[in-house]
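Just so you know, the protein sequences line up as chains A and B, in that order.
Residue numbering for the first sequence follows my numbering, beginning at 414 and increasing consecutively.
Residue numbering for the second sequence follows my numbering, beginning at 22 and increasing consecutively.
Mixed in with the good hints there might be a few duds.
Unchecked claim - Label-pair restraints from in silico Cβ distances:
# : chain 1 : residue 1 : chain 2 : residue 2 : range
1 : B       : D99       : A       : F599      : 40 to 50 Å
2 : B       : L51       : A       : N595      : 29 to 39 Å
3 : B       : K72       : A       : R482      : 30 to 40 Å
4 : B       : K78       : A       : Q546      : 18 to 28 Å
5 : A       : V581      : B       : S102      : 33 to 43 Å
6 : B       : K92       : A       : Q551      : 17 to 27 Å
7 : B       : D99       : A       : D596      : 41 to 51 Å
8 : B       : V58       : A       : G573      : 33 to 43 Å
9 : B       : I55       : A       : Q592      : 22 to 32 Å
Please keep in mind that the hints were generated in silico from the structure rather than gathered at the bench.
Since the model is a prediction, treat every value here as computed from it, not as a measurement.
Just so it is clear, CB atoms sit at the ideal spot from N, CA and C, and this is done for glycine as well.
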Amino acid sequence: MEPLKHKIDTTQWVDRYADYLFNYAITRVNDSYTAEELVQETFVSGLKAMKNFKGEATERTWLISILKRKIIDQYRKTNSKKGQAEVRMDFSSASDQEGDWLEEKIEDRNSLNAESNFENKELGLAIEICLEQLPVKQAEIFKKKTILEQETETICKEHGITASNLWVIIHRARVQLMQCLNDDWFKN
Amino acid sequence: MKNKLFISCEEAAHRIDKAQYGEASFFEKLSYKIHNVYCKLCHGYAVKNKKLTQLFKSANLYSLTAQQKAKMKEQLADTASNS
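Just chain A, with the same shape it has in the complex (with noise of 0.2 Å):
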């Protein structure tokens, strides 16, 4: 049998990728557990499935395709529970809806910002790629800091390092992101 031609190694799965997947499962399934369960049934899928895996895509491109087909899967479940495919929610009674009320004829501040959340979206992936790029131990002390925003002593007590090693790691991991990050995302 012909060996393997993309190894691939699932120990760095988590560091590398599960950030990522969560990030994507959480902008769509808005429900961070849910994301957290279908990040790790990706995961387990993925080895499993890792003999189909043919190289034409990255690994990572790879993962999302799984995780897409999970995100479909728990919306069918959620809808197939509810027995229906949408379910609206109406808070007012029926005499509240009587008359003109003047909050109607106002826009709808999210619609607004259906464009905005569009653009966030996609600068968090753009985000999440650029922290791929970086060492493993860097991008973990680097999302410590600024994403789960945690305590600079907090961070060298877990890591065994000292202050002004955690700012060095930190202002490489700056640098290299605004590098990485197309120049687009720095105009105003």
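Assemble chain B onto chain A, guided by the hints.
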């Protein structure tokens, strides 16, 4: 040493980074701002750095905690050894 008003670019960059996390003291902020008046490079870095922080905020990113990742790794290792 710490209370020098004129600082090197390296020190300025360090203080600019700290300021992004709200960890720079008043004097540290003052000293890098003075530095930026005559150093265009560091001024550029400060502007870009601030924008990077804004980008991170508007991207609303999430990150899994170390415990969550450890749990995932464990389960992945279990699956790998069973298959």
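Hint check results:
With their beta carbons about 44 Å apart, D99(B) and F599(A) fall inside the hinted range of 40 to 50 Å. Taking the beta carbon of each, L51(B) and N595(A) are about 33 Å apart, inside 29 to 39 Å as hinted. K72(B) and R482(A) have their C-beta atoms about 36 Å apart, which keeps the hinted 30 to 40 Å range intact. Distance hint for K78(B) and Q546(A): a CB-CB separation of about 21 Å, consistent with the stated range 18 to 28 Å.
One distance hint, 33 to 43 Å for the beta-carbon pair V581(A) and S102(B), holds here, with the actual separation near 38 Å. Range check, K92(B) to Q551(A): Cβ separation about 23 Å, and the 17 to 27 Å hint holds. Checked against the hint of 41 to 51 Å, the pair D99(B) and D596(A) passes, with Cβ atoms roughly 44 Å apart. Hint check: V58(B) to G573(A), Cβ distance near 39 Å, so the stated range 33 to 43 Å holds.
Hint check: I55(B) to Q592(A), Cβ distance near 27 Å, so the stated range 22 to 32 Å holds.
Checked against the numbered hints above, the structure violates none of them.
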